[in-house]
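Participant: Heads up: the protein sequence lines correspond to chains A and B, in order. The working numbering numbers the first residue of the first sequence as 928 and each following residue consecutively. The working numbering numbers the first residue of the second sequence as 500 and each following residue consecutively.
Among the clues, some could well be false.
[Said to hold, decoys possible] Stretch by stretch, here's where chain A covers chain B in the computed footprint (C-beta under 8 angstroms, at least three residues): (1) 514-525; (2) 528-534; (3) 541-552; (4) 627-634; (5) 668-681; (6) 684-698; (7) 787-793.
[Stated by the list, open to error] Derived pair list, reagent style DSS-like, types lysine-lysine, alpha-carbon separation capped at 30 angstroms: (8) A/K1076 <-> B/K713; (9) A/K1114 <-> A/K1055; (10) B/K523 <-> A/K963; (11) B/K763 <-> A/K1060; (12) B/K713 <-> B/K789; (13) B/K579 <-> B/K558; (14) A/K1076 <-> B/K670; (15) A/K1114 <-> B/K789; (16) B/K645 <-> A/K1232; (17) B/K523 <-> B/K535; (18) B/K534 <-> A/K966; (19) B/K523 <-> B/K579; (20) B/K789 <-> B/K728; (21) B/K789 <-> A/K1076; (22) B/K534 <-> A/K1114; (23) A/K1232 <-> B/K617.
No lab work stands behind these hints, which were simulated from the structure alone. Model, not experiment: these values are computed from the prediction. By construction, the Cβ of each residue, glycine as well, lies at the ideal position given by its N, Cα and C atoms.
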Amino acid sequence: MLETRTLREQRETEDLCVPLLEQEDNPELFVFFRDKHVKFLRGMLGNLSSGFISLDASRPWMVFWAVNGLALMGVDTSELRGEIEATLLKCQHPDGGFGGGFGQPAHLACTYASIMALAHTSPAAWSKIDRKKLCEWLLTLKQPDGSFKMCLHGETDPRATYCALSVASILKIMDKKLTENVATYIKTCQTYEGGFGNQPLAEAHGGYAFCALATLHLIPDLNIAETIDLPGFISWLVARQQHVVPGFSGRINKLVDGCYGHWVGGCWALVESIDEGITELWDRDGLQSYNLMCCQADRGGLRDKPGCGPDSYHTNYVLCGLAACQYAYSNPGKWQPTAQCTPSVLPLHPVYGLPLTTANRADGWT
Amino acid sequence: MSLFWEDYNWDDVQPVFEDNSSGKLAAIAYSDEYKKAMGYLRAVMGAGEHSERALALTKQIIADNAAHYSVWDYRLDIVKNIGNDVFDYRKVGLVKSHAPTIGEDGEWLNELTLDTPKNYQIWNYRQHLEIKDCPEYYNGEVVAVKFILEDDPKNFHAWSHLKWTVSSSLKNCSAPLLLEPLLEYTNQLIQEDVFNNSAWSFRYFLYQTWPVLKSAETLDKEILFVEEKIAMDPMNESPWPYLKAVCNEFSPNALSTLRSVAIKFPDNARALEAVAETSPAEEQAAYCQKLCELENFRANYWRYKFKC
Chain A
928 MLETRTLREQ RETEDLCVPL LEQEDNPELF VFFRDKHVKF LRGMLGNLSS
978 GFISLDASRP WMVFWAVNGL ALMGVDTSEL RGEIEATLLK CQHPDGGFGG
1028 GFGQPAHLAC TYASIMALAH TSPAAWSKID RKKLCEWLLT LKQPDGSFKM
1078 CLHGETDPRA TYCALSVASI LKIMDKKLTE NVATYIKTCQ TYEGGFGNQP
1128 LAEAHGGYAF CALATLHLIP DLNIAETIDL PGFISWLVAR QQHVVPGFSG
1178 RINKLVDGCY GHWVGGCWAL VESIDEGITE LWDRDGLQSY NLMCCQADRG
1228 GLRDKPGCGP DSYHTNYVLC GLAACQYAYS NPGKWQPTAQ CTPSVLPLHP
1278 VYGLPLTTAN RADGWT
Chain B
500 MSLFWEDYNW DDVQPVFEDN SSGKLAAIAY SDEYKKAMGY LRAVMGAGEH
550 SERALALTKQ IIADNAAHYS VWDYRLDIVK NIGNDVFDYR KVGLVKSHAP
600 TIGEDGEWLN ELTLDTPKNY QIWNYRQHLE IKDCPEYYNG EVVAVKFILE
650 DDPKNFHAWS HLKWTVSSSL KNCSAPLLLE PLLEYTNQLI QEDVFNNSAW
700 SFRYFLYQTW PVLKSAETLD KEILFVEEKI AMDPMNESPW PYLKAVCNEF
750 SPNALSTLRS VAIKFPDNAR ALEAVAETSP AEEQAAYCQK LCELENFRAN
800 YWRYKFKC
């Protein structure tokens, strides 16, 4: 009998999840506990204990995950606008972009989080983003091969291209210098498995796959089907959803994790928009079951899997995953949603990762 | 030898503290020591100071928070500017440690790597400390990666770093890393856990880097290796895309080579998929039907893929 670490860990995960999934027929349990999650995220915006010190360079993320999650659950966040603006503008660097906290150098991930959080505020706050400096800074990170560095001495990977192009797009400072060679670079990150990794010849990974595909959607007039090996990508994507526990794993032979409902599940809307023939190749109900039965923590907040504690990151991305399985989209670019069931959350903008209404509202700001 | 940061003289520096009267969302209750250190860090980092005291300060903040990209970036600036004189590994003999790194305290860095293996910054930092044409550097990085993978055999960052190390040694070192021991390493890891997809991915990377599979004899041996691993559990997802990629890249008869392996595993969805892919279009409907029976939960996909 074959026994390895992977098999053992997979079995342990199934043993935790299957009893929960079996209770799906119980209408008292197959419920989205919205109020608890709202309370959890509100708490994560308050004062955090010294145990959160490792997030000192991720303050914009803490704000973004919580505010975005609240908004996805339909909470009116307008009373938070002043504080969101004040917290994030402290992170804006005088030379452009946003850092992980006050007085920190700019970083692309923090810049994405800051700007997407500011999209939840007002045109007045939006106008305080220094777009000219931001654009100049983005160009300093751009590499000749089409990739971007995350920061001055940072690593290059598809996260960086996604963060750079998504903020440039929503702020309407996109230009040819930013997008030049990006599609060629993204193509080199597609692996023999069909997914995308952080660099050429890497192992395919859900996080990079989403960033790669979303990046391609941000490049104007690009024929995505001709840029990448689309059948190979779909094959990898299909295999990320497991049968016994129908959430998504991020890599081949790795465990299911609620956040991949977004990073992998979120790829489906992006893929379905490329070709009308690609429709319902995955199990929407399965992802919903995993998210509702396995990812809701008793005390509120959402999690990776049973046995893990909830956090802001997983809460936001499990909510995004619910949007992924609860809505289908038509009219790519405009992203017109159709609910596939009684939804727990608002529809998501499949590229920006914001609630669709929030993204469309910010799109109207100059 | 460097001192604790507070043992240096900071009288000339005005620390910069965050104004917490507004913008308090997700504010962390830092310890007074951390707040103080960050206050000085903002001041010297903002002024672009490259000094021993600043180096000591970054060490303290990294000890409190190794995920702090800002501090790593700043530390790198300092090391690159003053490290050659103060910490040149050739002078202090860090070559003896597992990962000698130019201008940096290798033992400290190794300890930190082991303590925070999921950290993005540390691997990137190690890459910036590359000592070109120094075989000990590249060997040291391999040792550091292996340490991490012993505890966490699918650590994404460690595998990425290993690939970078191999490529860089080939590009920058006259005595680069060699294929055989690395290949043997993947043999060992795949033997331990045939589902370790990271090890499969690394194996493919090796063959892309050293195209030895262009020789028919080596290719045959590799196909046999994969076949044996598939036999351990034909539903294992890892070896199948690997096999397809190896066939496509190196076999003059890619489809028939793939098919010859796949037909040995009847009634198995992974194998059947490969058989179907290598069949003429008119035969695919039958395989598709069978796949839908074996994996009903993916029926929509099989019908889409094989257009039936």
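Participant: Hints first: check each against the structure and report whether it holds.
Facilitator: Now for the hints, and whether the structure bears them out:
Here's how the stretch 514-525 of chain B fares: 8 of its residues keep a CB closer than 8 angstroms to some CB of chain A, so the rule of at least three is met and the hint holds. Given as covered by chain A, the stretch 528-534 of chain B passes the check, having 4 residues with a CB less than 8 angstroms from a CB of that chain where 3 are the minimum. Coverage of a stretch by a chain is defined here by at least three residues with a beta carbon nearer than 8 angstroms to that chain's beta carbons; for the stretch 541-552 of chain B and chain A the count is 3, and the condition holds. Coverage of the stretch 627-634 of chain B by chain A is violated. Counting CB-CB distances below 8 angstroms, 1 residues qualify, and the rule asks for three or more.
Counting residues of the stretch 668-681 of chain B whose C-beta sits closer than 8 angstroms to any C-beta of chain A gives 0, which falls short of three, so the coverage hint is violated. Here's how the stretch 684-698 of chain B fares: 7 of its residues keep a CB closer than 8 angstroms to some CB of chain A, so the rule of at least three is met and the hint holds. Counting residues of the stretch 787-793 of chain B whose C-beta lies closer than 8 angstroms to any C-beta of chain A gives 0; at least three are required, and the coverage claim is violated. Under the criterion of a C-alpha separation no larger than 30 angstroms, the hint pairing A/K1076 with B/K713 is inconsistent with the structure, at around 35 angstroms.
Between A/K1114 and A/K1055, the direct Cα distance comes to roughly 35 angstroms. Violation of the 30 angstroms bound is thereby established for this hinted pair. Of the pairs offered as hints, the one joining B/K523 and A/K963 holds, with about 23 angstroms between alpha carbons and a cut-off of 30 angstroms not exceeded. In summary, the hint linking B/K763 to A/K1060 is not supported, as the alpha carbons are separated by about 61 angstroms, beyond the 30 angstroms threshold. Distance restraint check for B/K713 and B/K789: the Cα-Cα separation of roughly 35 angstroms exceeds the 30 angstroms cut-off, and the hinted pair is therefore not satisfied.
Proposed proximity of B/K579 and B/K558 is supported: the alpha carbons are some 15 angstroms apart, at most 30 angstroms. Note on A/K1076 and B/K670: the hinted pairing holds, with a Cα-Cα distance of about 21 angstroms set against a maximum of 30 angstroms. Proximity of A/K1114 to B/K789 is assessed by CA-CA distance (about 33 angstroms); at most 30 angstroms being required, the pair is judged violated. With a CA separation close to 28 angstroms, the supplied pair B/K645 and A/K1232 stays within the 30 angstroms bound.
At most 30 angstroms may separate the alpha-carbon atoms for a hinted pair to count; B/K523 and B/K535 meet this at roughly 18 angstroms. Taking the CA atoms of B/K534 and A/K966, the gap is near 29 angstroms; set against the 30 angstroms cutoff, the hint holds. For the hint pairing B/K523 with B/K579, the CA-to-CA distance comes to about 36 angstroms; that exceeds 30 angstroms, so the pair is violated. About 24 angstroms separates the Cα atoms of B/K789 and B/K728, which keeps this hinted pair within 30 angstroms; it holds.
With a C-alpha separation of about 47 angstroms, the suggested pair B/K789 and A/K1076 falls outside the 30 angstroms cut-off, and the hint is violated. The hinted pair formed by B/K534 and A/K1114 fails the criterion: a straight-line CA distance of about 44 angstroms is larger than 30 angstroms. In summary, the hint linking A/K1232 to B/K617 is supported, as the alpha carbons are separated by about 19 angstroms, within the 30 angstroms threshold.
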